Amino acid sequence: MTTLDSRQQATVDAAQVAVQSRGYWATVGVRIRDDKVTVACGVVLALIVLSAIFADLIALADPYKASMIKRLAPIGTDGYPLGADEMGRDMLTRLLYGGRLSLFMGISPIVIALAIGGTLGLVAGFLGGRVNMAIMRVMDVFYAFPSVLLAVAISGALGAGIGNAIVSLTLVFIPPITRVTESVTTQVRSLDYVEAARASGAGNLTIIRVHVLSNVLGPVFIYSTSLISVSIILASGLSFLGLGTEPPEPEWGLMLNTLRQSIYVNPWVAALPGAMIFFTSLTFNLLSDGLRSAMDVRL
Amino acid sequence: MTGPGHLPERQEALLAVRELRKYFPVRGGILNRTVGQVQAVDDVNFDVQPGEVLGIVGESGCGKSTTARLIMHLIRADAGRITFDGEPVRPDDTAALREVRRRMQMVFQDSYSSLNPRLPIEDTIMFGPRVHGVSAKAARTRARELFSLVGLDPSQFIRRYPHELSGGQRQRVNIARALALEPRLLILDEAVSALDKSVEAQVLNLLQALRRELGLTYIFISHDLNVVQYMSDRVLVMYLGKVVEIGPTTAIYNRMQHPYTSALLSAMPSMDPDQRTETPPLVGDPPNPIDPPPGCRFHTRCRFAEDMCRHTEPGLEAAAGVQADGSHLVACHMRVAGSGHSLAPD
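First to last, the sequence lines map onto chains A and B.
No gaps in the numbering here: position 121 of the first sequence is 121 in our numbering, and each next residue is one more.
No gaps in the numbering here: position 94 of the second sequence is 393 in our numbering, and each next residue is one more.
Derived by calculation from the structure, the hints in this document are not laboratory data.
Model, not experiment: these values are computed from the prediction.
Backbone N, C-alpha and C define an ideal beta-carbon position, used for all residues, glycine too.
A few of these clues could be false.
Unchecked claim - Between beta-carbon pairs, the in silico distance windows are:
| hint | chain 1 | residue 1 | chain 2 | residue 2 | range |
| --- | --- | --- | --- | --- | --- |
| 1 | A | L127 | B | T611 | 42 to 52 Å |
| 2 | B | S641 | A | L127 | 49 to 59 Å |
| 3 | B | G432 | A | G128 | 41 to 51 Å |
| 4 | A | G128 | B | T611 | 34 to 44 Å |
With the hints as constraints, model all of the structure from the sequences given.
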């Protein structure tokens with residue numbers, strides 16, 4: 001093979017690039033590490049999730065054990081570090097246990113909606129045309145209702161209970177996830193690298209698997225993370241309205257509801273479940289913001 | 300009707316394009332009905348001989364890229380026949396189309412958007428061979444060879460991502476990707492237009508060297524006339540979806556026949572101060588391709604347009620008395636003997 005001037009030139013160019021290449025995920029990792037807010041949020045969120053999972057190991061008391069004497073005990077009462085609720089149950093224990101249901105009811109609808117809505121959006125965006133039209137117009141129907149109203153209406157129709165609450169929340173989150181996936185997929189589909197893959201003879205499934213999915217999943221995943229906070233609030237809202245979990249089950253939304261009457265007697269204790277909901281959704285939101293900027297390919 | 304549409308398909312042609320047509324529907328109104336059609340490519344005929352470089356030039360929007368995508372079957376033609384390597388390409392036969400796509404590949408203009416940002420460039424190059432059933436190990440070895448072939452040091456580059464490369468390096472990767480399937484025909488759609496001049500020259504030299512070494516055939520699409528002159532053996536000039544002139548590069552550049560070609564070439568920047576462009580060679584924009592003018596499509600901007608040009612569409616015919624072997628074809632009444640145009644030769 002003959003030697004070419006242009007080749008030698010390029011090799012020189014290459015030698016000048018001193019920076020060693022890092023993999024994509026390694027770059028993302030470094031960016032997250034440098035972002036203090038995201039790291040802090042990750043730590044707080046991990047603490048909340050872990051304390052919910054290991055509630056029976058951490059908690060000192062029985063979450064269902066009531067005490068007439070300790071009703072609405074203030075924060076700092078001996079044996080009740082975060083006070084007691086209107087039935088005299090230990091708030092700290094109930095908040096820890098409540099995290100299990102609240103997080104489960106907040107996250108599982110998003111996971112299911114991501115699987116369903118993501119698939120629908122991918123199909124609509126990649127195939128385009130009439131398929132896109134059919135899927136997206138159906139989603140538009142759901143968009144006509146405010147999400148809270150829709151969740152309440154579906155839950156009300158299905159009846160109270162954790163399962164039904166999850167079904168209704170899933171239905172609420174499918175349309176927005178479908179729409180975001182569809183718009184990202186449509187954008188990716190028209191890029192030259194998809195054309196080039198088609199030109200190399202690859203079938204639709206291979207193109208989706210290798211070239212489309214990896215570029216669509218990131219933004220959709222980040223969007224879904226930001227929806228978790230909404231989902232936790234909606235799930236708590238359903239419980240608050242008596243459409244989600246039922247007493248005496250500890251769940252943040254339900255606890256907020258039952259403590260509502262005591263807000264003038266002991267506002268600090270009554271506000272605790274609300275504070276938990278607030279912090280959890282806030283950290284989810286900030287975390288998704290941090291991931292969004294860390295995963296930006298163009299930076 | 301006269302013209303090469305009815306010429307026998309010459310046996311030796313690597314690619315023969317006959318009566319190729321693509322109209323894009325223009326939708327509008329509340330019912331999304333088709334209100335018009337952009338005649339992007341209309342009755343285009345040409346051959347590409349093995350080992351040659353056919354340059355395609357024309358203003359933006361004249362159908363150059365659409366022609367490229369039609370040949371690659373990335374978009375479906377409304378009409379026409381494409382024969383590759385002696386066999387007609389049937390767009391409905393998936394297996395045959397896959398094989399044809401292996402033997403002709405394309406390099407796109409935008410070097411960034413034609414590489415998957417989430418894949419290391421090695422994986423991008425391996426993708427084509429993997430699709431065609433080559434083992435991962437063989438594909439990896441092939442990718443390394445290709446990196447050296449296009450002048451990128453494999454040990455430095457293989458695991459990099461597209462955003463870590465310069466424009467010229469990315470375009471080399473795109474060329475390597477296209478070569479990975481060992482094609483015979485490479486369609487270069489404005490492949491160097493986005494590069495700066497020094498890098499452009501490097502990539503052009505690389506393309507020339509690859510062509511010599513691998514015996515490749517190129518269709519070289521560009522709006523840069525200097526580059527086309529440097530690269531091509533033959534040149535095809537398009538205007539509003541039609542071929543207006545085709546012939547050997549020297550004939551086109553020195554003895555151009557079509558008034559549009561003259562205008563295009565006189566717009567070519569020159570280093571010679573005596574060759575200054577004094578008057579704008581063409582005025583106005585090309586007419587709307589949704590509703591192209593009747594007759595000769597160029598008559599609205601042509602200095603020599605006469606009545607017949609507004610009514611009768613000229614066919615692509617051998618230019619009278621320029622190239623004895625009939626390899627220089629032009630679609631202009633003015634150049635056809637006895638056409639009725641006042642400037643036509645007798």
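query = Has the hinted range 42 to 52 Å been met by the Cβ atoms of A/L127 and B/T611?
reply = Since the Cβ atoms of A/L127 and B/T611 sit about 44 Å apart, the hinted range of 42 to 52 Å holds.
ask   = Holds or violated: 49 to 59 Å for the Cβ distance of B/S641 and A/L127?
value = Cβ of B/S641 to Cβ of A/L127: about 56 Å, so the range 49 to 59 Å holds.
message = Range first: 34 to 44 Å. Now tell me if the beta carbons of A/G128 and B/T611 are that far apart.
response = Holds: the Cβ-Cβ distance is about 41 Å, inside 34 to 44 Å.
ask   = Lying within 41 to 51 Å: is that true of the beta-carbon distance B/G432 to A/G128?
value = violated, 29 Å
Taken one by one, the earlier hints fail for this structure only at number 3.
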